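Participant: Just so you know, the sequences run in chain order W and A. Just so we're aligned: 36 in the numbering used here is position 36 of the first sequence, and the numbers increase by one with no gaps anywhere. Just so we're aligned: 202 in the numbering used here is position 202 of the second sequence, and the numbers increase by one with no gaps anywhere.
Everything labelled a hint here was simulated from the structure, so no lab data went into it. Each hint can be trusted.
Taking lysine-lysine and the BS3-like style, the derived pairs with C-alpha atoms no more than 27 Å apart in a straight line are:
{"hint": "1", "chain 1": "A", "residue 1": "K208", "chain 2": "W", "residue 2": "K280"}
{"hint": "2", "chain 1": "A", "residue 1": "K208", "chain 2": "W", "residue 2": "K176"}
{"hint": "3", "chain 1": "W", "residue 1": "K208", "chain 2": "A", "residue 2": "K176"}
{"hint": "4", "chain 1": "W", "residue 1": "K208", "chain 2": "A", "residue 2": "K280"}
{"hint": "5", "chain 1": "A", "residue 1": "K40", "chain 2": "A", "residue 2": "K6"}
{"hint": "6", "chain 1": "W", "residue 1": "K40", "chain 2": "W", "residue 2": "K6"}
{"hint": "7", "chain 1": "W", "residue 1": "K176", "chain 2": "W", "residue 2": "K6"}
{"hint": "8", "chain 1": "A", "residue 1": "K6", "chain 2": "A", "residue 2": "K176"}
Keep in mind the model is a prediction, meaning the values are calculated, not measured.
2 protein chains.
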Amino acid sequence: MSFRIKRLAIIGVGLIGGSLARALRAADVVDEIVGCGRGKANLDLAVELGVIDRYSHDIAEAVQGADMVFLAVPLGAMRDAFAAMCDVLGDDALITDGGSAKGSVVNDCRDAAPDLLARFVPGHPIAGTENNGVAASFAELYQNRRVILTPLQQNSATDIDRVAQMWQTCGAEVTKMSVAHHDEVLAATSHLPHMLAFGLVDMLARLKENDEIFRYAAGGFRDFTRIASSNPVMWRDICIANREALSPMLAAFAEEMNELAQRIGSADADALLEIFERAKAARDRYVDGLKQD
Amino acid sequence: MSFRIKRLAIIGVGLIGGSLARALRAADVVDEIVGCGRGKANLDLAVELGVIDRYSHDIAEAVQGADMVFLAVPLGAMRDAFAAMCDVLGDDALITDGGSAKGSVVNDCRDAAPDLLARFVPGHPIAGTENNGVAASFAELYQNRRVILTPLQQNSATDIDRVAQMWQTCGAEVTKMSVAHHDEVLAATSHLPHMLAFGLVDMLARLKENDEIFRYAAGGFRDFTRIASSNPVMWRDICIANREALSPMLAAFAEEMNELAQRIGSADADALLEIFERAKAARDRYVDGLKQD
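With the rest of the complex left out, here is chain W (with noise of 0.2 Å):
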């Protein structure tokens, strides 16, 4: 494949600027990488690593003469990234990130970087770990895990193919969707659990007795509330990120939430039933999915 990055950046070098990073240097498909970020301690680590060859704390400094952008700061820096590149960026470079929600990040390039848009392909790596930084980075991160483009109109094929060749060469499985139905997957499928999870690990502290309470919390309980240990400033930028889509469903959630414990106070067997082996048989169904996978 002729598919090469000759000055690749990465705005935020931690686990998934890291891992993009290492994977495309274990693929040998190019050939300087600059990192960007605030804290020295973990761009001198990236350094010495080999994540990174060389790296600036200004995103003007860091965007010189490449080729491709990978952009993995959080969804509340994305704005200031993009207004910060605007007037420096390359004719001929690439941008894409890694956001976990994508309507507000295209909306920051449109209203802080409006030049870049065409030239700005979405993305969101399904992958990650409980870790954070570039010492938790690793190159195998990426393989058979699935990314999302959602390429805006304003994009050119040729481009679209160029950021899911650099993925496809890390292993991933590229798929393609609109901004919209991205962000109400993936409102359904990480970020409302997420919002369960908090909520009820919140809801369980406040109790009276929260410690006896979290002392008879069986296996279950600890798998459910593994989530409700992730960074929640990151967190917070998502549901903000991605309010348009969450916040309906979880409403939604919530009034089937209220109908359910209206079902258990009046006992109503049958209604029960058909909800647990509907829930079931969805879960059972998914878990055999994956297995095909």
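For this one, chain W is given, so just place chain A on it according to the hints.
Facilitator: Just chain A, lined up with the frame of chain W:
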């Protein structure tokens, strides 16, 4: 220790009942174990595996001459079980159970067999796996697991101690609390999370493009919804049995999720961060607590 059972009757020889039988046998503290259940194949297997010595399909027959009876039937079958042994149980026989809700079982005993109430010491081993039937049972299931006893004011201290000793012999850590408190604690730590998992999977399964949504679900979703594969009939029974504690708790959670949906919709960054930080801190404390155990 002088603890010994001459004849143990296990009503319901599945994972819970079978594992108790195996653990007591392994500790060599029981002379004879009589099983009771509906499925002949499961009971034949239980004899073949050495879990029980013999069995009857009839509860009244199975409990003849027993000095300890363990009820491991579904919550919806407890009342009939008490009724069946009401007139046949020997005066020196103790009864305990493994039901996930305690108020309903106590009511069932009071209604169907009031004379047995003084000799019924309700219990709940906080243990289990995803598998059912005697084939899934094993002697170590209760080792280092908690068993909650909810003694009644009619119980004698000697009888309570005897049931506690039985579980300690299986390696369990026995604690005591009131019936009402048990049902509150379990509603919070087990029943409510199950409702959220069932409800989430059910809601996603009814979305228009549910196949696609399940396809993009990440690992966290899988953990979160594992418990939605639990037995629907058992959970229908648990919900109805513990409806007085569970229904208001689920309604309160629904109200909180509704408020969270509004905070997300209005991009209330400070409130969101506060909730997520509080939840993460509580969850991290919980996991630290597990490690210390």
